[in-house]
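Quick mapping for you: the protein sequence lines, in order, are chains A and H.
So for the first sequence, the working numbering puts the first residue at 1; every next one is plus one.
So for the second sequence, the working numbering puts the first residue at 1; every next one is plus one.
Take the hints with a grain of salt, since some may be wrong.
[Unchecked claim] Below, simulated DSSO-like cross-link-like pairs (lysine-lysine); rule was C-alpha separation at most 27 Å, straight line: (1) H/K170 with A/K352; (2) A/K392 with H/K5; (3) H/K48 with H/K188; (4) A/K22 with H/K8; (5) A/K218 with A/K74; (6) H/K5 with A/K275; (7) A/K22 with A/K92; (8) A/K22 with H/K5; (9) A/K352 with A/K74; (10) A/K218 with A/K88; (11) H/K58 with H/K188; (12) H/K48 with H/K367; (13) A/K275 with H/K8; (14) A/K22 with A/K392; (15) A/K88 with A/K74; (16) A/K22 with A/K197; (17) A/K74 with A/K92; (18) H/K72 with H/K48.
Hint data in this document are derived by calculation from the structure and do not stem from the laboratory.
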Amino acid sequence: MPEHLVFFLMVAVFVVLAMAAKFPIGIALALSALAGSLAAGQGLSLRHLIEGSFGYFDTILIILTATLFIKVLKASGILDSVTALLLKTFYKSRVMLLLAVMLILMFPGMLTGSSTAAILSSGPLIAPVMMKMGLPRLKTGALVCMGGILGMIAPPVNILIMIMGGGVDMPYVGLTLPLLFIIVPLAVLTPLVIGYKDLRVIGRDEMLAILPQTLFPKYGFRLYIPFFVLAFFMVGPGLFPGTVPDIGIPGVFVAASLAGIFCGRSFNFFRVTQKAVEEAMPIMAILAGVGMFIQVMTLTGARGWTVMSILSLPSFLLYLGIALSMPAFGGVSTFGSASILGIPFMLALINKNALLTSSALSTITGLGDLVPPAAISGRFAAQVIGEPHFFKILRHCLLPALLQLAAGIGMLLLAPLLDKFI
Amino acid sequence: MKEIKGNKLSAAFFFLLTLTVCFFSGRSFLSLHQPEAIFPGPGLTEQKMLSSYFPALKNTPGDTAVYFFRGKEEGGRVLILGGTHPNEPAGLVTAVLLIENIRLERGSLFIVPRANASGFSHSDPQEGNPQRFAVPTPSGQRLFRLGSRLTNPVHQWPDPAIYVNPAGQKLSGMEARNLNRCYPGRAKGNLTEKVAWAVMELIRRENIDLGIDLHESAPEYPVINAIVFHENSSELAALALMDIQAQGFDIRLEASPANLRGLSHREWGDHAGVKAILLETPNASHGRLKGKPSSSLIVEGKDKFYTRASRLGWLFVPYGEEGIPLSLRVARHLAGVEALLASLEALEPEKSVICGNIPPPHQVIEKGLGPFLHPPD
Chain A
1 MPEHLVFFLM VAVFVVLAMA AKFPIGIALA LSALAGSLAA GQGLSLRHLI
51 EGSFGYFDTI LIILTATLFI KVLKASGILD SVTALLLKTF YKSRVMLLLA
101 VMLILMFPGM LTGSSTAAIL SSGPLIAPVM MKMGLPRLKT GALVCMGGIL
151 GMIAPPVNIL IMIMGGGVDM PYVGLTLPLL FIIVPLAVLT PLVIGYKDLR
201 VIGRDEMLAI LPQTLFPKYG FRLYIPFFVL AFFMVGPGLF PGTVPDIGIP
251 GVFVAASLAG IFCGRSFNFF RVTQKAVEEA MPIMAILAGV GMFIQVMTLT
301 GARGWTVMSI LSLPSFLLYL GIALSMPAFG GVSTFGSASI LGIPFMLALI
351 NKNALLTSSA LSTITGLGDL VPPAAISGRF AAQVIGEPHF FKILRHCLLP
401 ALLQLAAGIG MLLLAPLLDK FI
Chain H
1 MKEIKGNKLS AAFFFLLTLT VCFFSGRSFL SLHQPEAIFP GPGLTEQKML
51 SSYFPALKNT PGDTAVYFFR GKEEGGRVLI LGGTHPNEPA GLVTAVLLIE
101 NIRLERGSLF IVPRANASGF SHSDPQEGNP QRFAVPTPSG QRLFRLGSRL
151 TNPVHQWPDP AIYVNPAGQK LSGMEARNLN RCYPGRAKGN LTEKVAWAVM
201 ELIRRENIDL GIDLHESAPE YPVINAIVFH ENSSELAALA LMDIQAQGFD
251 IRLEASPANL RGLSHREWGD HAGVKAILLE TPNASHGRLK GKPSSSLIVE
301 GKDKFYTRAS RLGWLFVPYG EEGIPLSLRV ARHLAGVEAL LASLEALEPE
351 KSVICGNIPP PHQVIEKGLG PFLHPPD
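Construct the complete structure from the given sequences, taking the supplied hints into account.
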């Protein structure tokens with residue numbers, strides 16, 4: 001069967017199973033991969049299905065451990081205490097609150113290059129504050145989601161650029177300025193677009209009335225130890241290489257979760273772990289399914305067909321191709337999009353300043369985190385605010401996402417001009 | 001999303017299904033841990049392990065065989081590395097061809113065919129590659145493993161979020177498992193850094209004069225059909241270039257960028273003063289535009305998507321319908337090795353390495369790899 005027919009068959013099987021038969025997305029993806037393999041004459045290809053799912057092994061572990069971390073914060077009462085502290089600090093000014101919140105949301109992503117880490121570590125702290133200040137729940141989810149994506153792109157760590165740079169021998173140096181140039185305006189505009197209209201200015205009395213119960217009087221600074229552990233292991237290896245061990249992001253979340261056992265009110269850690277596994281299971285299954293889907297796409301030549309179809313667009317459609325294909329492929333894997341499409345596009349734009357090109361492409365690619373079926377950031381943000389349907393959050397991400405897309409394409413188009421200043 | 005309600009029966013079913021899948025896929029994965037046989041020719045002087053230069057590597061999955069050839073006369077000392085990236089098969093096959101054929105007249109030659117031994121024990125997820133490729137010989141097919149660019153995560157895990165390599169360059173975390181980003185290595189580092197350190201120890205202790213690292217790159221990658229050279233080897237590389245071009249191969253020079261750190265062509269030269277060269281040939285099977293991955297894609301190198309990409313001007317090498325077969329890629333490497341040895345002799349006669357019985361590149365192209373490979377077991 002020709003590659004394109006295999007691809008259409010896989011998509012069709014997925015749509016039928018996921019939409020019509022209401023199968024869980026992860027299982028629908030796995031079965032559509034299996035159908036593709038069978039149709040292409042590759043048989044069951046067990047090895048490929050398992051190998052493909054392992055492409056997301058680390059991400060799956062991050063999700064699991066970060067979910068555990070959130071559960072520990074909630075169970076120990078630390079989350080409420082931190083929410084109370086943030087409310088007390090920022091309740092007076094809408095703009096200041098929104099900007100401070102955006103910075104806090106972005107921070108873990110800036111250090112780790114992972115939107116997932118940002119959303120799952122900062123999101124649970126920020127979401128209750130914003131909702132208590134009047135921001136609707138879905139908009140809160142959108143804010144958390146966009147904060148995570150911008151954090152992933154912001155310097156100092158942008159893994160998307162590292163991946164693209166690796167493919168064209170561009171060292172990861174000199175990117176701070178171009179990245180700040182594109183990210184700072186977005187980091188200011190995005191929270192204002194999402195939250196300024198709905199956020200209420202409240203007085204001290206009202207603030208005190210909505211303040212959740214804090215355990216600070218009982219436990220003092222012990223409450224913040226999990227965050228110190230988190231920050232220590234996230235930042236330490238970069239600041240003191242060789243001295244502070246790099247235990248990987250899943251290890252960092254596990255260490256911070258274990259610290260949480262001793263820093264707030266007591267709880268059953270085993271039970272909390274079970275809850276975390278239960279909650280994280282659907283998204284872990286989706287990632288495993290996406291991995292299988294990509295592996296079978298590659299195995300059957302459908303990936304090559306897809307990439308070549310995009311690259312075959314006439315040159316005047318190149319920017320349109322970038323704007324559509326990079327986020328679209330990100331719907332399967334954002335890092336995959338950076339590697340599979342980002343590198344060829346970097347090469348296509350090789351006559352422009354590579355620092356500007358890669359910054360712009362990473363800004364566009366980051367939007368893939370919003371695109372189904374994976375829609376990683378959308379799903380996690382939904383998980384943070386307890387919303388079962390992540391599509392409802394994506395609706396509120398649309399305008400900031402279009403701004404981000406325009407900024408990325410704008411930077412690509414204006415690269416020759418910007419080159420003189422940056 | 002539909003919630004599936006389970007019961008004991010469904011749990012038992014899925015448990016058994018999982019066990020079955022694990023058994024069959026696990027058996028397939030484990031088969032890659034068995035190295036393919038290499039049959040050294042009579043010219044071999046000694047075979048040792050890389051850990052003999054760095055004992056901490058002993059009994060680890062990073063340890064790998066070093067094939068040593070010594071000539072009758074003293075001369076220069078050359079190191080050839082294949083399999084730094086186990087998904088670039090021309091490096092491994094060129095090294096095997098040399099090991100199974102050459103006789104050294106003068107000087108010393110050290111060949112490491114599987115530089116990242118751990119990388120040969122797994123495949124890259126989501127690349128859909130075959131685990132092995134088959135090279136036809138007159139007595140049957142020789143099977144070689146097609147591994148991964150990176151060390152097996154079973155042997156080195158987890159990846160850091162950001163990898164700061166021993167040369168101080170910041171890279172994405174997975175590059176911590178890329179041998180050609182880990183030079184000059186760390187004696188107390190991770191497994192890949194230890195392998196890099198051991199290679200540096202080999203270079204230092206054996207007083208290597210010239211190091212050659214054999215690679216392949218995707219046809220859409222700009223550094224291709226190239227001799228990448230450290231600035232201390234510019235004259236050597238330029239001489240070799242003329243020689244290779246005179247043999248009819250299209251090839252160009254690429255200077256090793258001073259700010260791209262951790263690569264063999266940079267750190268071997270900077271840290272051990274050795275002349276450092278990296279050779280690249282075009283390989284569609286690890287490109288992003290490839291069609292259906294298969295043994296024949298690797299060996300015959302025909303790919304309709306690359307042919308189309310070539311027509312559209314997306315590639316840095318011409319890619320016709322005839323493809324770029326493994327025999328041509330290996331022949332290019334052989335021509336490169338021959339030319340570099342000849343250039344070393346021309347520039348520093350006292351360091352010359354004279355090597356006989358190298359499979360002639362044009363015969364390799366004409367007859368294929370089979371006649372120059374030992375028959376399969």
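Structure-based check of all given hints:
For the proposed pair H/K170 and A/K352, the alpha carbon gap of about 23 Å is at most 27 Å, so the pair holds. The suggested pairing of A/K392 with H/K5 holds, with an alpha-carbon distance near 26 Å, which does not exceed 27 Å. At most 27 Å may separate the alpha-carbon atoms for a hinted pair to count; H/K48 and H/K188 meet this at roughly 22 Å. This hinted pair checks out: A/K22 and H/K8 have alpha carbons roughly 23 Å apart, not beyond 27 Å.
Note on A/K218 and A/K74: the hinted pairing holds, with a Cα-Cα distance of about 16 Å set against a maximum of 27 Å. The hinted pair formed by H/K5 and A/K275 meets the criterion: a straight-line CA distance of about 17 Å does not exceed 27 Å. Between the alpha carbons of A/K22 and A/K92 the distance comes to roughly 46 Å, so the proposed pair goes past 27 Å and is violated. At roughly 14 Å between alpha-carbon atoms, A/K22 and H/K5 fall within 27 Å of each other, so this suggested pair holds.
Between A/K352 and A/K74, the direct Cα distance comes to roughly 49 Å. Violation of the 27 Å bound is thereby established for this hinted pair. The straight-line distance between the Cα atoms of A/K218 and A/K88 is roughly 18 Å, inside the 27 Å bound, and the hint therefore holds. Only pairs whose Cα atoms come within 27 Å are accepted, and H/K58 paired with H/K188 is accepted, the gap being roughly 14 Å. Between H/K48 and H/K367 the CA atoms are separated by roughly 32 Å; this puts the pair beyond 27 Å, and the hint is violated.
Distance check on the hinted pair: A/K275 and H/K8 sit about 20 Å apart at the alpha-carbon level, within 27 Å; holds. Between A/K22 and A/K392, the direct Cα distance comes to roughly 18 Å. Compliance with the 27 Å bound is thereby established for this hinted pair. Our distance criterion of 27 Å between C-alpha atoms is met by A/K88 and A/K74, whose separation comes to about 19 Å. The straight-line distance between the Cα atoms of A/K22 and A/K197 is roughly 37 Å, outside the 27 Å bound, and the hint therefore fails.
Restraint check for A/K74 and A/K92: the C-alpha separation of about 26 Å stays at or below 27 Å, so the hint holds. At roughly 20 Å between alpha-carbon atoms, H/K72 and H/K48 fall within 27 Å of each other, so this suggested pair holds.
Hint violations for this structure: numbers 7, 9, 12 and 16, all remaining hints satisfied.
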